[in-house]
Structure formats: C-alpha cells, structure tokens
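Peer 1: Sequence:
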Amino acid sequence: MSKISQPNSTPGVNGISVIHTQAHARGLQQVPQLVPAGPGEEAKPGSQQAEQKKLAHDRNSDGYRQRRERNNMAVKKSRLKSKQKAQDTLQRVNQLKEENERLEAKIKLLTKELRVLKDLFLEHAHNLADNVQSISTENTTADAAQFRTVDRHVCEISNLHKK
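Be aware that the sequence shown starts at 2, since it is given in this note's numbering, and climbs by one per residue.
Bear in mind the hints are in silico, worked out from the structure with no lab data behind them. In this text the structure is predicted, and so the values were computed from the model without any measurement. Even for Gly, the Cβ is constructed at its ideal location relative to N, Cα and C. Some hints could be false.
As the list claims (entries may be wrong) - Okay, derived cross-link-like pairs now, DSS-like style, lysine-lysine, Cα gap no bigger than 30 Å in a straight line:
no., residue 1, residue 2
1, K86, K109
2, K98, K84
3, K119, K109
To be verified - For each label pair, taking beta carbons as the anchor points, the in silico distance ranges come out as:
no., residue 1, residue 2, range
4, I158, D120, 53 to 59 Å
5, N101, Q49, 53 to 59 Å
6, E105, Q85, 46 to 52 Å
7, K109, D89, 50 to 56 Å
8, N61, V94, 44 to 50 Å
9, E52, K82, 26 to 32 Å
10, Q67, N95, 39 to 45 Å
11, N132, R153, 45 to 51 Å
Build the full structure now, drawing on both the sequences and the hints.
Peer 2: Okay, here's the thing in structure tokens:
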C-alpha cells in the first residue's frame with residue numbers, strides 16, 4: 002500500500018510559497034497553490050509586483066517624465082475644452098433666453114394689435130348692418146308707398162273697364 006506524503010513547502014518567487022504534493026504511482030499531479038509567504042502578508046500576482054518595481058524605477062527616467070508631461074498637457078487640454086464647452090453652452094442659453102423674451106414681447110404686441118383690429122372690424126360690421134337695415138327699411142317704406150300707388154292705379158283702371 003502506498004502512502005501520500007505530507008505536502009512540503011518550497012519558497013517561491015516574490016514572497017509566495019508554492020505547496021507541492023508528492024504523488025505515488027497512481028499518477029497524481031502536482032498542484033501549485035498560492036499562499037502568503039509570511040503572516041499578515043497578502044498574496045500578490047507576480048506581474049503586479051513587477052509592475053510596481055518597474056514604475057518605481059521608471060519614475061527617475063526621462064521617458065517617464067516625458068510621458069507624465071504629455072499626460073499632464075492632455076489633461077490640461079481636456080479640462081480647457083470642457084470649460085470652453087460649458088461657457089459656449091451658457092452663452093447659447095443666454096442667447097435663447099433673450100430671443101425668447103423678444104418673441105414673447107412680439108406676441109403681446111401682435112395680440113394687442115389683433116384685439117384692436119377685431120374691435121374695429123366688429124364696429125364696422127355693426128355700422129354696416131345698421132346702414133343696411135335703415136336702407137332696407139327706407140326701401141320697404143318707399144316700395145310700400147309705390148305699391149299702394151300702383152294698386153290704386155290698377156283699381157282705377159279696373160273700375161274704368163267695368164263701366
């Protein structure tokens with residue numbers, strides 16, 4: 002009967018211990034596991050630690066300074082562009098407010114003008130109706146008088162023919 006031995010720990014890279022399991026003849030594979038190297042330390046992927054070391058080293062290089070300068074200029078440009086856009090928007094808002102006030106004043110003026118013209122039209126229409134009615138009344142009176150005159154003449158002619 003074969004027996005699996007206890008896992009043994011080998012010091013790994015960057016403070017990470019890798020635990021190996023010894024296998025017997027049945028073909029168990031080794032399974033690496035990441036565990037903190039010491040108490041209270043967190044396991045960090047190797048690439049992250051390498052990146053931090055590289056950044057610390059790069060901060061002293063000319064390339065790093067140039068990249069930072071370009072980035073700072075880009076940030077400054079972006080902020081200026083954003084500020085300009087906000088100013089343009091504010092200016093457009095003010096223009097639209099002024100135009101709105103002008104249009105509202107024009108609406109009031111045109112409404113007042115419409116009211117005056119409407120009143121004039123109604124006054125003229127009433128006067129016209131009164132004139133038509135008086136002319137119609139005069140014509141009716143004249144027509145009635147003429148009708149009576151014609152009627153008398155017809156009666157007289159009728160009477161003459163009867164005789």
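Peer 1: Are the hints correct? Go through all of them and say.
Peer 2: Here's how the hints hold up against the structure:
1. Distance check on the hinted pair: K86 and K109 sit about 35 Å apart at the alpha-carbon level, beyond 30 Å; violated.
2. Restraint check for K98 and K84: satisfied, since their Cα atoms lie roughly 21 Å apart, inside the 30 Å limit.
3. Pair hint K119 plus K109 holds up; C-alpha atoms about 15 Å apart against a cutoff of 30 Å.
4. At about 56 Å, the CB distance of I158 to D120 agrees with the hint of 53 to 59 Å.
5. Between N101 and Q49 the beta carbons are some 57 Å apart, a value that agrees with the proposed interval 53 to 59 Å.
6. For the pair E105 and Q85, the beta carbons lie near 30 Å from each other, so the given range of 46 to 52 Å is not met.
7. In this structure the hint that K109 and D89 lie 50 to 56 Å apart at CB is violated, the actual value being about 31 Å.
8. With their beta carbons about 49 Å apart, N61 and V94 fall inside the hinted range of 44 to 50 Å.
9. Taken as a hint, the range 26 to 32 Å holds for the pair E52 and K82, whose Cβ atoms sit roughly 31 Å apart.
10. The beta-carbon spacing between Q67 and N95, approximately 42 Å, falls within the hinted interval of 39 to 45 Å.
11. Under the hint 45 to 51 Å, the C-beta atoms of N132 and R153, about 32 Å apart, miss the expected range.
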